[in-house]
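Participant: Just so you know, the sequences run in chain order A and B.
Be aware that the first sequence starts at 1, since it is given in this note's numbering, and climbs by one per residue.
Be aware that the second sequence starts at 533, since it is given in this note's numbering, and climbs by one per residue.
Think of the hints as simulated: they come from the structure by calculation, not from any bench.
No residue lacks a Cβ here, since even glycine has one placed at the ideal position from N, Cα and C.
Since no wrong hints were added, every one of them can be taken at face value.
Below, a sample of chain A positions facing chain B; criterion: calculated Cβ distance under 7 Å:
no. : residue
1   : Phe33
2   : Glu191
3   : Cys294
4   : Arg401
5   : Pro404
6   : Val405
Straight-line C-alpha distance at most 16 Å; calculated EDC-like pairs for lysine to aspartate or glutamate:
no. : chain 1 : residue 1 : chain 2 : residue 2
7   : B       : Lys850    : A       : Glu22
8   : B       : Lys833    : B       : Asp812
9   : B       : Lys1043   : B       : Asp1098
10  : B       : Lys1163   : B       : Glu960
11  : B       : Lys666    : A       : Asp445
12  : B       : Lys999    : B       : Glu978
13  : A       : Lys154    : A       : Asp164
14  : B       : Lys850    : B       : Glu862
15  : B       : Lys850    : A       : Glu23
Simulated restraints on C-beta separations:
no. : chain 1 : residue 1 : chain 2 : residue 2 : range
16  : A       : Pro351    : B       : Glu892    : 43 to 49 Å
17  : A       : Ala167    : B       : Ser673    : 53 to 59 Å
18  : B       : Thr1185   : A       : Glu207    : 34 to 40 Å
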Amino acid sequence: MNFPPSAVQLQLMWTRLISVVEEQAQTLMRTAFSTIVRDAGDLSAALFDPAGQMLAEAVTGTPGHVNSMAAGVQHFLDRFPSATMAPGDHYITNDPWLTAGHLHDITVISPVFYRSRLVALAGCCCHQLDIGGLGQGPDGRSIFEEGLQIPLMKLASGGVLNEDLFAILRANVRTPLQVEGDVLSYLTANENAAVRLSAMLAEFGLEDLDSIGRHIITSSRRATRDAIVALPRGTWRAELSIDGADRPITLRAALSVDRDGLRLDYAGTDPVVPQGINVVLNYCRAYTMFALKCLISPDVPNNSGSLEPFVVTAPAGCILNAQRPAPVAARHVVGQMLPDLVFECMAQMLPGRVPAQGSSCLWSVQLRGPGFETVFFNSGGTGARPGQDGLSATAFPSGVRAMPVEVVEAGAPVIIWRKELRPDSGGAGRYRGGHGQIVEVGLADGGAFEVLAMYERVRMPARGRDGGADGGVGVVRLASGAMLRAKGRQDIPPGDRLVLELPGGGGLGFAAQREDGAIEEEIRNGLVVPKD
Amino acid sequence: MTGARIGADIGGTFTDVVLESGAERYAAKILTTYDAPERALLAGVRQLLGQAGIGPGDVELFIHGTTLATNALIERRGARTGFVTTAGFRDVLEMGTESRFDQYDIGMQKPPPLVPRHLRFTVPERLAADGSVKIPLDLASLAKVAEQLRVAEVASVAIGFMHSYQNPRHEEQAAEFLAACLTGVPISLSSQVSPEMREYERFSTTVANAYVQPVMADYLRRLDQALAAGGFCCPLYLMLSSGGITTVDIAIRFPVRLVESGPAGGAIFAAQIGRRMAADQILAFDMGGTTAKICFIDDGKPHTSHSFEVARTHRFRKGSGLPLRIPVVEMVEIGAGGGSIAAVDRVGRLAVGPRSAGSEPGPACYGRGGTEPTVTDADLVLGKIEPLGFAGGQFPLDRGQAEVALAGLGRQETAAAWALAVCEIVDEMMASAARVHGVEQGLAVERRTMVAFGGAAPLHAARLALKLGIARVVVPPAAGVGSAVGFLRAPIAYEISQSHYVRLEFDDLAKVNALLDRITAAARAVVGRGAPDAVLEERRLAFARYCGQGHELAIELPARDLCAGDQAMLRTIFETAYQTQYGRILPGLPIEILTWRVRVAAPGGGAIETPAAVNPRRIEATEFRPVHDTKSDRLLPHAVFDRASLRPGDRFTGPAVIVEAATSTLVTPEFEVSIDAFGSIVMERAA
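Same shape as in the complex, but just chain B:
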């Protein structure tokens, strides 16, 4: 038997901790402690160690993901950050793309930059597009800027110079200089955080990194020390938004890569469930306390992307957030979670989210001072949640408070009618987000298998599936803490992209080898620190296009040095990809490559589940409770099952509620339920 492994996910509302030891899994769900997030995490860890009867020294792997970086960006609670840039470009962050994300809305608002204008400073220096120096870095001006930064008491600094992706020297010089003047202030360089062309995206990413860095560094150092002091001797790893994991020191340097780490763990969790069920098209539906995430997984792998927008201000609309150029699992996230607050707007329309009651004060029914109605309050009033069994029965829910809050939405409706409307709106929002995301990805939504996880998803999955035309929904074991389980399946992996222009026909490919070797070595060093003995898998990608186009396609390179004769092979690979994507190639046009990427990964952790024997039998409930059915708009008796008592092969028909410690699954009347060999709840509907 190998040692125990711990996965811990800090979300906006709950902190989920999972411990796997041998074939056993233990899970805890604890309210997030904002003032010191490690407190809830450590409490959960202690609780699980006790349950498993093992000590900290028995733990061989500890993987952690957190939304703290995301929340700092969304809630603008990061460090006071200064930005130093090329003279003439003080306002790149504020001007952005100079466009409106909504053509017809004359009242639209743009997201304010993370660094206000008075903390943005410029110094004379300039590189040309090929990286050559047009104006050397002016150190006298930099000295004045250093003084201004000191007086302004910034806690973090970002440096972004024009064309620094071609030549990092000026940024490095400036960083050395500022580091000497500003002791203890972390400095983020755009040539390191995101060495890619397009200044707005690169600066935005770098500034976001600097903005969350002090918060994240403090937290991660505290946690690392607390674990060491608590007797843990295994290394602490951090989940990345790309679905890989990395070490604490890399996480502290590039905390922006931790944004969306929880949802990335969820995607890995869903992918593993899909592989186990041999379902090649999955829609992962993760709904927690603050947001809902939807991600498409084909052939066992989540789709990934290299750009992302965080903190969208305008109903999660594309273009209304801050762009980040980091490797991410491709997903859509909307402000629809159990804690999302419902309110009636000026026009009299009921809207849900994106504001969330979080864990403090939490939904009205938590009885912790929340007075605004939330999705969880609506779920409770409709009977979907058992007041005494919520979050493992840590605290009873107060139905009366929930009713008062919902009734506060207006006198024209009863609390129950408001509850129904709140649930319908939140389900419709999620359905709409899933459809639009499918279009943006060019992927069909119907005919997918939905894997539902996160505390609130199993309550809403059946209804969402009906809206999307999805016929099969799976709620795996440990669904309530799915992201944390996913962490334990993630590979130790890291990827680095670097812009470097090459004309395929004319340039010597061998010149690229030095660049590829350099970023490969850097990525291997990161991964090797976490997996010193592992056989590492290496992928090399080039981003190519016809000369003069503006968007690139990824093509796979051989994991070896390029040589003079590789041109023809690369052209064939590119044209095959182009034909597949766009239906025609442009014969004879030259091809250019802009960006090179290397991803290095150690093998991921294996799953502990083994299939059990399936003994088909129909079962009947002994307990019923009334739940408000949305479709018929009336109270229907729902069979109540305890998940722990269900065995593989058990079958029954909805409506029903399946209760477990971390969540409840609502089965609407349209679905037939069976329990599969791994203990997953499988809801199916005649297509």
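Isolated chain A (complex conformation):
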């Protein structure tokens, strides 16, 4: 018996599917070992139909993963056709070109069986603290130097773990306990999603997700297309220069809207570079679609239907469509700048409705010292928004949270001596850009350590818009004064500390039009220092 569900039931089931993936993500966070997953939420969780179409995705995650996983599942199915899948099977890879763009992100896909039939695939993807090799940073000159590659393979068969893989994994990473624990937490999360999904099918008296899947995909596609149709037609071009590794990189984009839909093409963008900041196409698409969705269809839930109308292309060999074996470990420093470039195009299409540029690239402090490896996240300021100031020290476009300082210090022998707002770093304007922050860190015993630097906007500031001033550029230095490079592994000498001054966001509109009293309030709060 499989009666077509009513409209109300479809609505309820859709809401429920989103709850299932939210719970999957929560389970992942609660059982994970690395602070990146458990405290920062750098993860994603989603459900797919047996053909690999994404039906629901947790809004908890970070955009770089999520949209990439939607593309990645297809590769699993090509390698392991659904007819060969059995209960208790789980599949794994960290192939950057097939999934989320660097080796640190491991994806696990698990088939969900209901009454002996394959009804769905549950997938999740998280950032690992370590994956061997040189570690996360731009220092590798090819993928082979960046760590352990796990090709598409079985993580478990019929419930029996692939112990060979676990042995290889443990032998190749600096933090075997956490990495193994995290991989097991993926299984727990996917199994949890399978249980919830089966309960939903039983409750609604359904045999499979076909009808609800069709409903989700078609109505999301329609809602997105309706939003695109409402946009002005034409082509808008923009370019964005960023610091790059040892020389600036220019990214170029053309946004076209016509009768057939929306297309964003990165032709003319600079080629790949020798350092590991190159971006695979999956990841480029993920952040591009995120930016488009923020301004065009923020309310439409994420799934294959809502992503499909956004066509994103980049020529092979440019830095946004790197080919094997290019190094990609720190791809976020370029990928997270893409929303700023997309917004430059959109600002011409929709004047007055688009934020100024922000600090955008997450400043992850990846540290290594005697017997430890740790990371904590920090964010600069976002660009000023139409009608309001930018957000200070807030991640955008990344969706992660900062780890508590006390948690970082309990887990590694470091002391974070300072972590507070950086006055005067937000670009002035009618609406001010968000302020960056200042971070100062050293070892508890004052010893030497290494930083794997991967920071952006140290030379090129976040530009203001419509008369707003640029945000302050970032600074990477020693507490004793000497400047450090913004990218690459460097030593912090004994007795010294690493100091990061994070960039601010750009301002929007002319500062002369700022609301009366606002500047006095900022001066009183010490966030703007009066110049005489």
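Here the structure of chain A is known, so what remains is to put chain B in place on it, guided by the hints.
Facilitator: What follows is chain B alone, placed relative to chain A:
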């Protein structure tokens, strides 16, 4: 016969007072008096003493709960507060988690901190994660900060230093120093208010405590004195958000623990109704004048939690409020009450709440100067409320004013059509909140019994139950003042949590005994002051996880000293809990414990109700009145019953309205009503 007992709940709109004496219960519902909240409370108490024919000296127990602390946080009406923290961390309160609670909304706004930057001060001092001193407290800098605090005329001070949960010494030193410079200014320490790891949550909780402290302390002292002056000789107890009660002096030190005390009383009330009906899965639905609260109760006990978010700015969205690490009854609260204001937004969509008309001016129909349409105005226009019988007939409602206000929403619809839309939206909001909360808790909503209470809940319960697929709704006696009744059933209880890191395999468990003894003694002292002769129940919990994980599971410890051989037992308890929660264990991985908690409780107050004989009979109404039915979208004649005249065993079929002094129950056509042995209205629908 024992002496009389009084429960009093001050809400955003109404102050509810309940007096139980012997087998009799008396209740009063009076508009909250914001300028001096004790005025309405005392008026209610006097009224009930008169009705019961007893004097203040006959009262043996007085339990009070209030939303004053919550409202001070939501409306930002607390004291001018200064915050003193470790050098380098001035902006922890402002930076929070450095994240956005809505991924795709580029216009989202974060809640501003309770203490603005110019009132946040830093001093050099630093502890390491193990509590050892890296930099001693700099008293010269502290002296300068003290002067700045004095010049800034702060009325309250919070101190939060890094890692103070491991070692409170610096905070205590700073507090002593500041107390000497700032006479009469209360000081809250993070190592006392919330001694747990994670600086943002700990500082946020401590600052919230300091922010509401002067307001709450003034109020509680005034009330305590007024009661003493009025001839009461029993102690005054305060309801806590955890569902326990405590003494006035503890409430004054830790007022943040009073946030959500009214709803906690409601949860206890609903739990008691559930136990009485042998219903093991309850959805408690409490709708008052300002907000609606939904809480799940399984096996007679409300779910509890140790973290909570107050004053969510963004449509009650998770992450948009201020985090508090305090023991609370787990519930979801949304800005949907009788006084919630309806408005049409810029996009042309009708939205209800979270702004409330409160008691002053109140909904338009109160005729006290309110002009914006509220849920109560909509209920009145639809015929659900009898204009002359509202809140016991203290004041007549003005239907004309309600219609004018609703019609003001736009010319495209009539006042009646707007009223219908307002009610549907508010019911849908509550249904959605209940579903999401169920997911977050991993609990099913359907198949639960709904217990509806609070002034507005019985009017909306049937419709909400239909939306949630719930087949049975119970409106107990005294539903209109349910929270205040719940206070009288609450145990005198207190719990204390303390972070202290232990590796289960390696560390000597006996070292933990001193910590457990210390917090047990502190909790016992608090409870013992209120229940000197009672046999106290003690629960000890540890929060454990596999080494390296970020979230802990609660495991129950024996209520005795730990000894060297307990490791294996604790591992088994932990792995059993882990297996239940997550479906698999991780054999061989070491286990760590981060936080220890002790809860001490005296037995709660018993219920006064005894079951009456049930004589089944169908009854017919003699009076009807037209009420707009939502589902059919037309006026249907509804039978009108006076609740006081209904007897156990009476049955009838909806649609109907059951009128009582503190509320009215709307029965939609889908439901069959029966009155049970305790006088509860039980609405049932074929599943």
